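Work the whole structure out from these sequences, hints included.
Which chain is which? The protein sequence lines are E and H, in order.
Numbering-wise, the working numbering comes out as the position in the first sequence, counting from 1, plus 189.
Oh and the second sequence: position 231 is 230 in the working numbering, straight run, nothing missing.
These are calculated hints, taken from the structure and not from any lab test.
It should be emphasised that the depicted structure is a prediction, and the values quoted were computed from it without experimental measurement.
One thing to keep in mind: the hints can contain errors.
Lysine to aspartate or glutamate pairs mimicking EDC-like chemistry, simulated, CA-CA at most 20 Å apart [stated by the list, open to error]:
1) H:Lys-220 - H:Asp-268
2) E:Lys-325 - E:Asp-279
3) E:Lys-345 - E:Asp-399
4) E:Lys-345 - E:Asp-292
5) E:Lys-265 - E:Asp-233
6) E:Lys-371 - H:Asp-116
7) E:Lys-435 - H:Asp-120
8) H:Lys-185 - E:Glu-324
9) H:Lys-124 - H:Asp-47
10) E:Lys-435 - H:Glu-248
11) E:Lys-435 - H:Glu-37
12) E:Lys-435 - E:Glu-324
13) E:Lys-345 - E:Asp-279
14) H:Lys-109 - H:Asp-120
15) E:Lys-394 - E:Glu-289
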Amino acid sequence: MLRLDGKVALVTGCGTKGDGWGNGKAIAVLLARQGAKVFGCDLDLEAAEQTKRVIEQEGGEADVMTANVTQSRDVKLLVEACMKRFGRIDILINNVGRSEPGDPVTMAEETWDDQMDVNVKSAYLMMKEVLPIMEKQGSGAVVSISSVAGLMYIGKPQVAYAAGKAALMQLTKTTAVIYAPKGVRLNTVVPGLMFTPLVQRLADKYAKGDFEGFVAHRHQQVPMGHMGEAWDVANAVLFLSSDEAKYITGQEIVVDGGITSATR
Amino acid sequence: MQHTGNRLAGKVAIITGAGCVGPGWGNGRAMAVRFAQEGAKIFAVDKDMASMDETLARAREFGADITPYSCDVTDSNAIEGLVRECLRHYQTIDILVNNVGGPTPGGPIKLTEEQWDAQIDINLKTVFLMCKHVMPIMEKNGGGSIVNIASTSGIRFTGAPAVGYAAAKAGVIQFGRVAAVEYASKGIRINSVLPGQLHTPLVDAILAKNQTGGDIDALLKKRQARIPLPFMGDGRDTANAALFLASDEARFVTGTEIIVDGGMSARCD
Chain E
190 MLRLDGKVAL VTGCGTKGDG WGNGKAIAVL LARQGAKVFG CDLDLEAAEQ TKRVIEQEGG
250 EADVMTANVT QSRDVKLLVE ACMKRFGRID ILINNVGRSE PGDPVTMAEE TWDDQMDVNV
310 KSAYLMMKEV LPIMEKQGSG AVVSISSVAG LMYIGKPQVA YAAGKAALMQ LTKTTAVIYA
370 PKGVRLNTVV PGLMFTPLVQ RLADKYAKGD FEGFVAHRHQ QVPMGHMGEA WDVANAVLFL
430 SSDEAKYITG QEIVVDGGIT SATR
Chain H
0 MQHTGNRLAG KVAIITGAGC VGPGWGNGRA MAVRFAQEGA KIFAVDKDMA SMDETLARAR
60 EFGADITPYS CDVTDSNAIE GLVRECLRHY QTIDILVNNV GGPTPGGPIK LTEEQWDAQI
120 DINLKTVFLM CKHVMPIMEK NGGGSIVNIA STSGIRFTGA PAVGYAAAKA GVIQFGRVAA
180 VEYASKGIRI NSVLPGQLHT PLVDAILAKN QTGGDIDALL KKRQARIPLP FMGDGRDTAN
240 AALFLASDEA RFVTGTEIIV DGGMSARCD
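Spelled out as C-alpha cells, the structure:
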C-alpha cells in the first residue's frame, strides 16, 4: 500500500549539490521508486537534472526545471509546467529551506526577510497554486519539511530559521483543517540532525569550517549516538504521502533519533 | 499467498490486546493482521482467548504464522510466562506492541478510587510491565522496536470525561519518550501511536452505552462532528502507523508520537 502508481508528485528543492543524498533528492527518488511520476524543481538546475537522471536510470519517470519558489511568478510557471507534463498533482512536497545564523540583535533585517521567504513563504506560494488543483481532483497530500529547530533551541543561534520552520508547521496544520472536507491532507515531517551534504555548508557557517569537529558534535547530540540520513526523512514523507496515512492530517512526524525528547 | 509485503520480513512481534470486543477492525486485530501481511510472525496476546478467533482466521487466510496466547498483562508473573513461551516458540522478540487498555467514564468526583487504580493499571502499568520483561531481551539482541498505543485522550479533552484514562494515556506517551532516550544508544526505539475517534467495534459495544444511552448513530454523529476529515478511520489506520514505526523505515524515529485522528487535535473550534 505504500505504492504510488499513477500518482504525480511535485517536489521543491529536489536537487543535491554534488554527490550524496540530500532530503529533496532522496524524497524524489523514493517517491519515484514507489511508482509516482516526479516533477521537481531546484534553484540549481544541474542538481535537479542529476536527480532526474537517477530516477530515469532506475526506470522511473521525472522532469525538472529551475525555479525560485519564493517568487509567485516562478511558482505559477512551475505548477503550469507540471500540469502540462503530467496533467495532475497528487502529492506536493514543500522541501525548500535554509538556515542563516543570527539572533535578533546580530541578524540583519534583510536576512530575516529572506529567511521568512525561503522557509515559509515558499510553502504558502506552492499551496496557493496547488491546493485548487487538488480540490478539483477531490484528493491530494501535501507534506512540508520542517525542522526540530522549529520546536526548540538545538544548539546554535538561528532565530529566523526557527521562527520560519515553526510558522511552516502551523501553516500546514491549520490549512489541513480547512482542506480536510475537500479530501486534501497536509502534514509535516520534522527532521532532527541529519547527515546530509548540507552539513559541510553548516560547518562553514556555524563552526568556522571545522567539519570533523562539527560532525562529531552533531552525532553526540543525538540520543541514538548518530545523525540520521536523508532516507529517514524520505521514508516518513512516503508514509504520509501514501494512502496508508489516509486518516492522518494536520500532524507532524518527528524524525530525530530522540533529540527533542531530552534536555541532557 | 504467503503475505503481501516484506516490510517486517522474519521479525517476531508480540501484540497485546490482539482480540476484539466484536466483529470488525479493532486496533489490536488490525495490527496483528497488517503486521502478518508484511511478513512478521505474530505472538498474539489477549486475556480472552475467544476474542482472538477472528484475528487468527483473518491472518491465516493468507498463511500467516500467528500464535495465540492468553494472558492478563497487569500480572507481572503472568508476563514472565508469556515472554518465556514466546521465546520458546519464536526464539526472539523484535517488536512489542502494547495495545491493552480501555476507558472508564468519569471525572474526579464520579470515578471511584478503585476505578482510578484499575484505569492506571490497565492503561499504563501494562506498558511498564511488558517493557520491563521484554526490553532486556531486546537489549541483548542489540535492538528492537516498541510501539505503544496511546490515545488523543492523553493530550486533550475529547468529548466525554474519563480522567483516569486520559491521565494514564498521557503517562504512556511520556513513559515512551523517556525510556526511548535512555535506550536510544542500545538500539531500542520506543514510540506511540495516538488514535483519535476511530469507528472500532469498541464504539458499538461499549462507548455508545456509556455516552448516548446505547444510541450508536447519535454517538457516531457527535464524534464525526469533531473530525475535519469527512470520515471516521478504524483500526486499520492505527495499524498502518504502528507498522511504519515498527519497521526499519523508522530506524531514526524514537521518543515521539504519530497522531491518527483525521485532524481532530489540530482544532479547538
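Hint check results:
Taken as a hint, the H:Lys-220 and H:Asp-268 pair is honoured in the structure, with Cα atoms around 17 Å apart against an allowance of 20 Å. Note on E:Lys-325 and E:Asp-279: the hinted pairing holds, with a Cα-Cα distance of about 11 Å set against a maximum of 20 Å. Among the hinted pairs, E:Lys-345 with E:Asp-399 is consistent with the structure: their alpha-carbon atoms are about 15 Å apart, no more than 20 Å. Under the criterion of a C-alpha separation no larger than 20 Å, the hint pairing E:Lys-345 with E:Asp-292 is consistent with the structure, at around 10 Å.
About 18 Å separates the Cα atoms of E:Lys-265 and E:Asp-233, which keeps this hinted pair within 20 Å; it holds. Simply put, E:Lys-371 and H:Asp-116 have alpha-carbon atoms about 43 Å apart, too far for the 20 Å limit, and the pair is violated. For the hint pairing E:Lys-435 with H:Asp-120, the CA-to-CA distance comes to about 32 Å; that exceeds 20 Å, so the pair is violated. In summary, the hint linking H:Lys-185 to E:Glu-324 is not supported, as the alpha carbons are separated by about 46 Å, beyond the 20 Å threshold.
As the CA atoms of H:Lys-124 and H:Asp-47 are separated by approximately 19 Å, the hinted pair is consistent with the 20 Å bound. Between E:Lys-435 and H:Glu-248 the alpha-carbon distance is near 18 Å, which keeps this suggested pair within the 20 Å criterion. As the CA atoms of E:Lys-435 and H:Glu-37 are separated by approximately 19 Å, the hinted pair is consistent with the 20 Å bound. With a CA separation close to 16 Å, the supplied pair E:Lys-435 and E:Glu-324 stays within the 20 Å bound.
Our distance criterion of 20 Å between C-alpha atoms is broken by E:Lys-345 and E:Asp-279, whose separation comes to about 37 Å. Of the pairs offered as hints, the one joining H:Lys-109 and H:Asp-120 holds, with about 18 Å between alpha carbons and a cut-off of 20 Å not exceeded. About 8 Å separates the Cα atoms of E:Lys-394 and E:Glu-289, which keeps this hinted pair within 20 Å; it holds.
Violation of the numbered hints given earlier is confined to hints 6, 7, 8, 13; the remaining hints are satisfied by the structure.
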